[in-house]
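*Asks:* Mind the numbering: the sequence shown is residues -22 to -1, 1 to 127 in mature numbering (1 follows the signal peptide of the UniProt record, and there is no 0), read in order.
Calculated directly from the structure, the hints in this document are not laboratory data.
Quick caveat, the model's predicted, so the values are computed rather than measured.
Beta carbons: idealized from backbone N, C-alpha and C, even for Gly.
There may be inaccurate statements among the hints.
The calculated label-pair distances, taken between Cβ atoms and stated as ranges, are [to be verified]:
{"no.": "1", "residue 1": "98", "residue 2": "52", "range": "23 to 29 Å"}
{"no.": "2", "residue 1": "53", "residue 2": "10", "range": "23 to 29 Å"}
{"no.": "3", "residue 1": "51", "residue 2": "-6", "range": "18 to 24 Å"}
{"no.": "4", "residue 1": "-3", "residue 2": "54", "range": "34 to 40 Å"}
{"no.": "5", "residue 1": "64", "residue 2": "19", "range": "20 to 26 Å"}
{"no.": "6", "residue 1": "-3", "residue 2": "52", "range": "28 to 34 Å"}
{"no.": "7", "residue 1": "102", "residue 2": "10", "range": "16 to 22 Å"}
{"no.": "8", "residue 1": "-10", "residue 2": "58", "range": "21 to 27 Å"}
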Amino acid sequence: MAWALCVAWAASAALLAPPPPAESLATEAVWPARRLTLAWQHTIERVRWEEDYALPRTPDEPALLHATAARVRGSGAGMEPAPDARWQDGWYAWSPQHRWPALVLAHSAYAADHTLCLDGRCAPLSTWLPGDAPPTGGVVRLRACRASR
């Protein structure tokens, strides 16, 4: 079974259904992918931030998102580049090596939408949400899951 990105929406983080270890839930949108980029604009500093993640490659790997690269166009309140960041082509860039079971994002009407790229196909995060999710509000969870449907 191939790995995918499962995307869930809820009115609050407390209302997100706990996911099974690796299987998709009926309430999640399932998008086959091997890698993703998450990008957004900092609401105060108005600076773009991008993070790249790899999904598991083999069926026996744990269902974790592996952070492989991060970039920020500047620095400011709460968005300092990592100590090992280097200046490259107008970005501070570095290679985090964190693995996350899920990313939970605010989906606010008061901030620009995140951009989500799956294997190079980019669109506003709201276009990747499950069909019952409103265009703004609540929280969004991204996680690796098995594409079983």
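*Asks:* Taking 28 to 34 Å as the hint, is the beta-carbon distance of residue -3 and residue 52 inside that range?
*Replies:* violated (40 Å)
*Asks:* Kindly confirm whether 16 to 22 Å is satisfied by the beta carbon distance between residue 102 and residue 10.
*Replies:* Holds: the Cβ-Cβ distance is about 19 Å, inside 16 to 22 Å.
*Asks:* Mind checking the hinted window 23 to 29 Å against the Cβ distance between residue 53 and residue 10?
*Replies:* violated (35 Å)
*Asks:* Falls inside 23 to 29 Å, the C-beta gap from residue 98 to residue 52?
*Replies:* Hint holds: Cβ distance 25 Å, inside 23 to 29 Å.
*Asks:* Taking the CB of residue 51 and the CB of residue -6, does the distance hold inside 18 to 24 Å?
*Replies:* For residue -6 against residue 51, whose Cβ atoms are near 36 Å apart, the range 18 to 24 Å is violated.
*Asks:* Note whether the CB distance of residue -10 and residue 58 lies within 21 to 27 Å or breaks it.
*Replies:* holds (25 Å)
*Asks:* Quick check on a hinted range of 20 to 26 Å for residue 64 and residue 19, using CB atoms only.
*Replies:* holds (22 Å)
*Asks:* Is the hinted range of 34 to 40 Å satisfied by the C-beta distance from residue -3 to residue 54?
*Replies:* Since the Cβ atoms of residue -3 and residue 54 sit about 39 Å apart, the hinted range of 34 to 40 Å holds.
Checked against the numbered hints given earlier, this structure breaks hints 2, 3, 6; the rest are met.
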